[in-house]
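Residue numbers (my numbering), protein chains in the order written: chain C, 1 to 243; chain Z, 1 to 243; chain U, 1 to 243; chain F, 1 to 243; chain R, 1 to 243; chain E, 1 to 243; chain D, 1 to 243.
Calculated directly from the structure, the hints in this document are not laboratory data.
It is possible that part of the hints are untrue.
[As the list claims (entries may be wrong)] To spell it out: a stretch of chain F is covered by chain C in this simulated footprint if at least three of its residues, at any positions, have a beta carbon under 8 Å from a beta carbon of chain C; those stretches are:
no.	region
1	25-34
2	57-67
[To be verified] Residues from chain D shown here face chain E by an in silico Cβ test under 7 Å; the list is partial:
no.	residue
3	Gly21
4	Gln25
5	Glu31
6	Gly130
7	Ile235
[Said to hold, decoys possible] Below, computed lysine-lysine pairings styled on DSS-like, alpha-carbon distance capped at 25 Å:
no.	chain 1	residue 1	chain 2	residue 2
8	D	Lys89	D	Lys34
9	D	Lys34	E	Lys89
10	C	Lys34	Z	Lys89
11	U	Lys34	U	Lys89
12	Z	Lys34	Z	Lys89
13	U	Lys89	R	Lys89
14	D	Lys89	R	Lys89
15	F	Lys34	F	Lys89
16	E	Lys89	F	Lys89
17	U	Lys89	Z	Lys34
18	R	Lys89	R	Lys34
19	C	Lys89	F	Lys89
By construction, the Cβ of each residue, glycine as well, lies at the ideal position given by its N, Cα and C atoms.
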Amino acid sequence: MQNQSQQQAYDRGTTIFSPDGRLYQVEYAREAVKRGTGSVGVRTPDGVVIAANRSVRSPLMEQSSVEKIHQVDDHVGIASAGHVADARKLVDVARRRAQTEQLRYGETISVETLTRSVTDHIQEYTQTGGARPFGVALLVAGVEHGEPRLFETDPSGTDYEWQAVAIGGGREDSQAYLEENYSQEIDLDGGIELALGALAATSEDDLTADDVEVATVPVDTETYEAVPRDDLEGILDEVSFDE
Amino acid sequence: MQNQSQQQAYDRGTTIFSPDGRLYQVEYAREAVKRGTGSVGVRTPDGVVIAANRSVRSPLMEQSSVEKIHQVDDHVGIASAGHVADARKLVDVARRRAQTEQLRYGETISVETLTRSVTDHIQEYTQTGGARPFGVALLVAGVEHGEPRLFETDPSGTDYEWQAVAIGGGREDSQAYLEENYSQEIDLDGGIELALGALAATSEDDLTADDVEVATVPVDTETYEAVPRDDLEGILDEVSFDE
Amino acid sequence: MQNQSQQQAYDRGTTIFSPDGRLYQVEYAREAVKRGTGSVGVRTPDGVVIAANRSVRSPLMEQSSVEKIHQVDDHVGIASAGHVADARKLVDVARRRAQTEQLRYGETISVETLTRSVTDHIQEYTQTGGARPFGVALLVAGVEHGEPRLFETDPSGTDYEWQAVAIGGGREDSQAYLEENYSQEIDLDGGIELALGALAATSEDDLTADDVEVATVPVDTETYEAVPRDDLEGILDEVSFDE
Amino acid sequence: MQNQSQQQAYDRGTTIFSPDGRLYQVEYAREAVKRGTGSVGVRTPDGVVIAANRSVRSPLMEQSSVEKIHQVDDHVGIASAGHVADARKLVDVARRRAQTEQLRYGETISVETLTRSVTDHIQEYTQTGGARPFGVALLVAGVEHGEPRLFETDPSGTDYEWQAVAIGGGREDSQAYLEENYSQEIDLDGGIELALGALAATSEDDLTADDVEVATVPVDTETYEAVPRDDLEGILDEVSFDE
Amino acid sequence: MQNQSQQQAYDRGTTIFSPDGRLYQVEYAREAVKRGTGSVGVRTPDGVVIAANRSVRSPLMEQSSVEKIHQVDDHVGIASAGHVADARKLVDVARRRAQTEQLRYGETISVETLTRSVTDHIQEYTQTGGARPFGVALLVAGVEHGEPRLFETDPSGTDYEWQAVAIGGGREDSQAYLEENYSQEIDLDGGIELALGALAATSEDDLTADDVEVATVPVDTETYEAVPRDDLEGILDEVSFDE
Amino acid sequence: MQNQSQQQAYDRGTTIFSPDGRLYQVEYAREAVKRGTGSVGVRTPDGVVIAANRSVRSPLMEQSSVEKIHQVDDHVGIASAGHVADARKLVDVARRRAQTEQLRYGETISVETLTRSVTDHIQEYTQTGGARPFGVALLVAGVEHGEPRLFETDPSGTDYEWQAVAIGGGREDSQAYLEENYSQEIDLDGGIELALGALAATSEDDLTADDVEVATVPVDTETYEAVPRDDLEGILDEVSFDE
Amino acid sequence: MQNQSQQQAYDRGTTIFSPDGRLYQVEYAREAVKRGTGSVGVRTPDGVVIAANRSVRSPLMEQSSVEKIHQVDDHVGIASAGHVADARKLVDVARRRAQTEQLRYGETISVETLTRSVTDHIQEYTQTGGARPFGVALLVAGVEHGEPRLFETDPSGTDYEWQAVAIGGGREDSQAYLEENYSQEIDLDGGIELALGALAATSEDDLTADDVEVATVPVDTETYEAVPRDDLEGILDEVSFDE
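Bound-form chain C, shown alone:
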């Protein structure tokens, strides 16, 4: 364990390890992720759900423009937490990779391969000088050959597969909520409710349909679908989250 002055000797770039083998810039990028509002992913037998909290600075801002959930391919969506412009950059990387796969091999890219292409890109920014790491975590959610998949990427370029996971601000509370309430038998609607509940767990105010963005990739269609605002209102009305 190092004190602050020692830490400062090794935290100015991605090209140096600290004496105890840490990459401080990658750890600081994880702090940038925590500064963003949270996102949540839930995998159910019927499909995957991604949901994101979106903060709006002013009543005149279009909530839809605080875009934290992006369709990447017919069967894959990505939710982000952290530095917004960095997220968009990685989403572009993923989209191009999905298109290339389609063009070259005439096949839909697997969710895992797609995730790896993104984490490979992230890793390069943690080893070579002249740039900073990506200050963003992603949830990559999709269905392939009838199987729902849900991956998380972090700023070190590592990926993990989850049944249900939270990233960004309030991660601890949301993840605790997921661990307490997750069941492998819930259906897709149950998944949406669970995701919204996890997001709600990080805030004292009630969650409204304006505050969230949700998308699913159901197993039967294998097709990305944004959940309409009205549906969200319906769900939020029905459910009351105990915190």
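Let chain C serve as the given structure and place chains Z, U, F, R, E and D on it in line with the hints.
Below, chains Z, U, F, R, E and D without anything else, positioned relative to chain C:
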């Protein structure tokens, strides 16, 4: 929260995060935006309005040369606040992108796609070393398929869509004015008046036609139009802004 | 506002903003402009005038070699203030740009387009590392389609259009003289007298024909003309400047 | 031997030796290896075994996604310890090298040649500036022409061949266990038990099938095989490790 | 005006201005010029003269190898003061430029154009990082279309035209001698005597033919001629310089 | 002679000399050589011998994988001391150079030419920035046209030819042993014994066949031969080294 | 004149001048030259002689491998003093240049042109960043069109022509010996004796044939010849140097 000496350890370039996950150079670039005179955008059902305050250093300077509003394509205009030469650079990026779209696909570029091409360019200057961020914010305003759009870009490379928004010096006062006076039912002329009122809200002196530059993209023509000086005088005569 | 030690933390290159959003190296380049002798531009209905003070180190030096006024195209001239070699570099940029326009499009370049090509070049030296800003300000003067134009460029890469303007050493005095004495009705000879008066306003000694270099682009010929030494003597004899 | 302040003078990059001829960044990268959970390799006459401990952050995380063992070619697998994303990068290097060999020469690559291609890649990151060393150690295990091979790579780019070896967290305990229990006559199942025992030696808790990942390359098939979870349970049930 | 410690903050390279707009590295390069022995140029109606003092370290050194005067083209010569190897580099630049002009346009290059090509090269080394300025000043002397020309270049990349000029060590004394004794009516031999007198003015010892190198470009031949040692002896015998 | 603080001012890279003309990084690389176990070369009329001490970390490590002696061409071998991965890199350089010679000229490369190609490569890493010197010394041994040759390379890129030489840890003791016991009349077996004796001279323990690696290039075959373990045992049994 | 702390501010690279116009790294490279053993060159009417002292570290080292004299072309040899690997690099530059001249123009390169190609190469390493100067001085000796030539190059990239000159360690003593004993009438053997005497002047011990390396380029053959060891012994026997 860091003290000044700690902050100075992490604020010399875009390639390092601070221990709490911030990019100081991007935040300093936002200060450069605040140093510029303000610009305002208003979206109405009949079209979008962009308006800018222009400061003139001397009676012998041509006011028209303090150019803060630029036509980018037939149907899109950009207003800026901050570092003037940086703004011109980004406007060139936008113009080239619009022309490329026209040449390659024979289609008019969408306002959102155009905005994204600009924020992608901005983002790169916040992640790779050897350069500084752009010290400018933009309002990208246009109409596509009959729908008026109004986007803001900031120095981090993030974009937001607005009904009405102010950038640059006096942003707080102007934005407060907009939030108080904006209505979704105003027509284009009402939009111009609202924009001028928001600009006036940042100054103690009365606003004259010499002090402002205004352009619109009406829904019916989908064509960028600079508002003539005479029209501005007429509007300013009719309206008296209570501050 | 920062104290000196804080300023020194952010003034070693063009790739960093100070915490209050300033680019110190660009501001220091403006100081290099002030170290040069002054130049003045005057726009009249009959054409534009540019005039420059030239300092000569020794009676054996050829005054004509202290070149501060350059013909750039048939219809455009440039006067400079600041770092002499930097000025020559930008004049070359302008000349090449004018030739390219002629070769590619068979058209004479507009004064504004020409100015922008120069300020684009200047801007790049204020954003990318590995170089310093240009330590020079220029006056770009010309006539196009019968209309006289007069632009100033500064080390940030911004341009302004003027009726009459002074750059370089003694700018404040010269500009004050111009504001006091400029009238939109003066003819070209009046413009020359006004320019010489503005230059004279910065010095206690009388101005002689050896001390100045003057060129015009009259509206009727749209052709750059250096004002001959004899003509300058005649004008200086006739006029006595009260300071 | 140097004190800490002297050490800090030479530990900021791979391009400088310390006065006593050490490369501190490479030594720090070895610390990154120790921060990872351990992996173990065992060579038996019947084939090679690689086994890895995998830590799981949450019950909702898919254990299979904490991938520390990778198939590289039909006859070769790699286990890693240390920085996960760095490991994936090197595994990609190895895979591409194996494919190239197959495509160019129509031959299966030898385990030693494959290992060398990886250590060559690692070495370059220890000599040239602009990057950091790889914070990962690998075990490269395979069979060629009926002969089982087991190599270790370290962050300096050195490789060693072993009969049985442990890398990563708890290396000392695991290696001591191997030295005490290894025999050249054990069969493949014995090798798996030995590897699991070495992993168990580093922890106070009992090892479950969830905590480990094991693969073998048997001599008779010369083909990489992941050991199924059920088999692991069976083995773990049979064996009780005395620590 | 800055004190030494402030100066040191801005004098480590060519890519930064000091707060008062100076380029210290260029000023230090001027000091390198002063460290060299002096050179003198004189323009007469009959042609131009360049003369240089050469210091010889040992009686065994060939004086002819201390080359400070170089033929660049049939009609142009260059004398230098300062860093010897830098001078040779710039002379090569000039020679290549002269040859290119001949090859491309079939024309002899003008002395002014040739000088500008050299100062353009010098300027680049004062603006871009990764190099130092040239520590040398040159006198470019030639005749074109019957007109003798004499230019000086300095380390900032500026050029000046002179009737008579001294560079390098002892410049002040030599230049004072020139200003006192120069007349526009002297013939070429008078020019040689004047140049030698200016060189002699910087030293207490008598000047011998061994100490100097002289070349001329007469108007009638427009051809560079090194003045033979015997001629120099004759001239030095005839003349006695009063200091 | 400099004190430590002064030394530290000039020892951070290969691109600076110290005030007394030293390259500290090259000297530190020599320390890296001393950190390695020793290697010895002996030239006899019948051929050349290279021998190396190899340290083994664990009884489970394959001694053969601690490779310090490499065949480079049919008639040339290289022994190394110092940074293992650096040695492998230089051996690759040598192998490629030998192959190129064969392919281009159809000739076997001379030992001296081969050595020079390696030292040229080493030198470049001592003059250009962005990398560190190679931390390794090599013995290049071979026979050409019936003549045995033995060269040493050091981290500065210098090569020396020897009759018998030691590099790496314990060099002083080994070299003293060689100087005391070398005779130009020994045969190849005598050369092997001498080399083993020199290696033994650096250690208190008896040398076993496991501790060493030996190769020869006999004059009659001009072919590299690794000395088998059994032969080594025989020789070690016969000989008892008095230390 | 600067004190040490001020000097240290300007001596870390070749891209900065000190305030008094010096390039410290070039001066430090001259110290590297002084650290080498001396070399001497003598020009006689019958040809040129180069001689070098070579230090041998051990009786087992081949003296011939301490190569300080190199043939560069049929008619040119180079002797060096200073950093050995740097010398070899420059000798390669010279050899390639000589070959290119032969191939392109079918002509033997002049000694002066060859020397300039080397000093041009040296100069580049004193102006551009990213490398250090060459720590070596050379004597380039040859005969062209019947005329013997002898040049010295120094680390600044300057060349001088000499009748007789010493470089490297002991230069002062050797040069003093040359100045005292040189005569323009000596023959080639006298030149060899003079050179050996100059080398002997720097040491208290008698010079043996083992300690020196001598080569000549006689005027009659215009062909480089190494002086055989036996001849050197004969000369050294005949001559006794009084010191």
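What are the numbers of the hints the structure violates, in ascending order? 3, 7, 9, 10 and 17
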